[in-house]
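A.B. asks: Listed below, chain by chain, are the residues.
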Amino acid sequence: MNEPVTRSAAQIARDVNGKSISAREMTQAVLQRVDEVDDRLGCYLTRLHELALDCAQRVDRRIAAGESLSLAGVPVAVKDNMCLTGTRTTAASKILENWIAPYTATAVQRILDAGGVPIGKTNLDEFAMGSSCENSALGVTRNPYDLSRVPGGSSGGSAAAVASFQAAIGLGSDTGGSIREPGAFCNIVGFKPTYGRVSRYGLIAFASSLDQIGPLTRTIEDAALAYDVMAGHDPRDSTSINRAVEPASNALREDLKGLRIGVVKEFVTAKLGPEIDALYKRAYRELAELGAEIVDVSLPTADYGLATYYLIAPAECSSNLARFDGVRYGLRVEGDDVGQMYERTRAAGFGSEVKRRILIGTYALSSGYYDAYYVKAQKARTMFAQDFRTAFERCDLIAAPAASSPAFEFNSKSDPYSMYMMDYYTIPMSLAGLPALSVPCGYAGTPQLPMGLQLTAPLFEEVKLLGAAHAYERATKYASKAAVAV
Amino acid sequence: MASEKIDVRYVAKLARIALSEEEAVRFGKQLADLLEHVNVLSELETASVPATAQVVESRNVERSDEVTPCLDRETVLAMAPQRQGAFFRVPKIIPES
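So the protein sequences, as listed, match chains A and B.
First residue of the first sequence: 1, per the working numbering; consecutive thereafter.
First residue of the second sequence: 1, per the working numbering; consecutive thereafter.
Same shape as in the complex, but just chain A (with noise of 0.2 Å):
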């Protein structure tokens, strides 16, 4: 392997800034890696060579000029739910095979002003539907760390780009995991702002209210010069936050002294297996060891996340993707009135998953169901914002695990609802629009695999969280103790 593509974005953007290596050379650097893995990962839906040596050629122009740039020639993977002026962009799905962004997300055009180099456009679970991208209707992704595994999802073309070498910084989305499942299956961070914190305008929508665009990076510092770059309000999405931002890069800690940091008693990791249970007993007592006192908290509607989440995220989709209609842009078949066209249109574009939520959706919105399904849900999800206020009375975070499992085989989950198990962990953090993140803990499994310990924070707590990840991650360096098998 070529040594630039190991370096971290950090690494990269100091070295670019001061001349040792140009963007230009950097992105052929990582190009090259791309040609020789690619083809057998498939991380890429599409790749963008004259895209990134021309976006290198301008940061390299700006260096010359006397610019420093926070992320001068940093090669970027961009999910494919995000619009890039120019490129197809396909959210993984047939009705959107050959659709051509017209403009670009805010999140990307942050990166790309501040010197980040698109490499190409990755693949996840159509429309964000998924924990695998198995639900991916243009191609297959597999973990480089056992290539008969998952990558784990949404944003597993992201998660598996980043952990290949193949960029250094990944863009993905969470709605209720898909950052941070991913993060953990690849054994790198994946981190989720607190809802509103970057900007939507760009971004696919799956489920408005939870959808949140994140960094997938090898480290915790370049998680934070990824969310530094990419988080304030844009005029252009109503719901991002307008408020300050404080920049987290240069608040990493090298300890947890006067933390005090949550342990939530519902979530009983014994439940996952003596050895699982070893391990994040293991991370706490780590977290302990770095100065932080662990107390224990409680989330009593914690065992009602998934119910919540299968509620809200399908009805919000199913209104969503009201739009793909064959008529303004996508997949059209044609039918003997506007009424089959619609039918038809939808039926051949939507891949099973899709159609499952946005029927589960429908149905969930429909007369006489309402207020059953969808304002009980609405409901719920304020008790999980309280409780988590109630829980973080007693603590600053709360660790937990990212996922329930290590990346598992492909189609191993052969029933719908064992997939949405996954997201156990995460989906309440969402439901309440925390910051949450994961990162590496240790390996599990036979083989051994990746595994992520989560860290939440309260709202607008990204600071906090970042700094408190980055001294697990300096003291414990778990990531390094495995090697891509690419």
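Read the hints as simulated data drawn from the structure, not as lab findings.
Watch out, some of these pointers could steer you wrong.
Unchecked claim - Distance ranges between label pairs, derived from CB positions:
id, chain 1, residue 1, chain 2, residue 2, range
1, B, 13, A, 389, 40 to 50 Å
2, B, 79, A, 474, 18 to 28 Å
3, B, 10, A, 294, 24 to 34 Å
4, B, 29, A, 246, 48 to 58 Å
5, B, 67, A, 288, 51 to 61 Å
6, A, 246, B, 22, 48 to 58 Å
7, B, 45, A, 282, 31 to 41 Å
8, A, 481, B, 53, 35 to 45 Å
9, A, 265, B, 29, 30 to 40 Å
Stated by the list, open to error - Listed below are the simulated DSS-like cross-link pairs for lysine-lysine, each with C-alpha atoms no more than 30 Å apart in a straight line:
id, chain 1, residue 1, chain 2, residue 2
10, A, 379, B, 92
11, B, 29, A, 271
12, B, 5, B, 29
13, A, 413, B, 29
14, A, 271, A, 481
15, B, 13, A, 413
16, A, 281, A, 477
17, B, 13, A, 94
18, A, 94, B, 29
19, A, 379, B, 13
20, B, 5, A, 379
21, B, 5, A, 413
22, B, 92, A, 94
23, A, 413, A, 281
All C-beta atoms, glycine included, are put in the ideal place defined by N, C-alpha and C.
For chain A, the structure is supplied; the task is to place chain B on it using the hints.
C.D. replies: Just chain B now, with coordinates in the frame of chain A:
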């Protein structure tokens, strides 16, 4: 909560998705299974709990009514499955009498 049998064809009609026979059977069963799982929510006492649409600073956002640049018409129409001049072309909506 409701426990009656779901008319999956009616739901699919509302959602504008044509279903094959096989899909109607499979989705019908999966929907029923999922609704059984979500029915655990009925255990939560929510009579006095307000509903939350989104958790962070929900407020109405307004902007001044000013003309700003928008997407170029040609760029947008170039992505249309069918167009006629400056319009999206669709199948007939009003039947001939």
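A.B. asks: Confirm or reject each hint.
C.D. replies: So, going through the hints one by one against the coordinates:
no.: 1; hint: B:13 <-> A:389: 40 to 50 Å; in the structure: holds (42 Å)
no.: 2; hint: B:79 <-> A:474: 18 to 28 Å; in the structure: violated (47 Å)
no.: 3; hint: B:10 <-> A:294: 24 to 34 Å; in the structure: violated (52 Å)
no.: 4; hint: B:29 <-> A:246: 48 to 58 Å; in the structure: holds (50 Å)
no.: 5; hint: B:67 <-> A:288: 51 to 61 Å; in the structure: holds (59 Å)
no.: 6; hint: A:246 <-> B:22: 48 to 58 Å; in the structure: holds (54 Å)
no.: 7; hint: B:45 <-> A:282: 31 to 41 Å; in the structure: holds (38 Å)
no.: 8; hint: A:481 <-> B:53: 35 to 45 Å; in the structure: holds (44 Å)
no.: 9; hint: A:265 <-> B:29: 30 to 40 Å; in the structure: holds (36 Å)
no.: 10; hint: A:379 <-> B:92; in the structure: violated (43 Å)
no.: 11; hint: B:29 <-> A:271; in the structure: holds (28 Å)
no.: 12; hint: B:5 <-> B:29; in the structure: holds (10 Å)
no.: 13; hint: A:413 <-> B:29; in the structure: holds (17 Å)
no.: 14; hint: A:271 <-> A:481; in the structure: holds (26 Å)
no.: 15; hint: B:13 <-> A:413; in the structure: holds (29 Å)
no.: 16; hint: A:281 <-> A:477; in the structure: holds (17 Å)
no.: 17; hint: B:13 <-> A:94; in the structure: holds (21 Å)
no.: 18; hint: A:94 <-> B:29; in the structure: holds (25 Å)
no.: 19; hint: A:379 <-> B:13; in the structure: holds (28 Å)
no.: 20; hint: B:5 <-> A:379; in the structure: holds (25 Å)
no.: 21; hint: B:5 <-> A:413; in the structure: holds (26 Å)
no.: 22; hint: B:92 <-> A:94; in the structure: holds (25 Å)
no.: 23; hint: A:413 <-> A:281; in the structure: holds (27 Å)
In summary, the structure is inconsistent with hints 2, 3 and 10 from the numbered list given earlier, while agreeing with the others.
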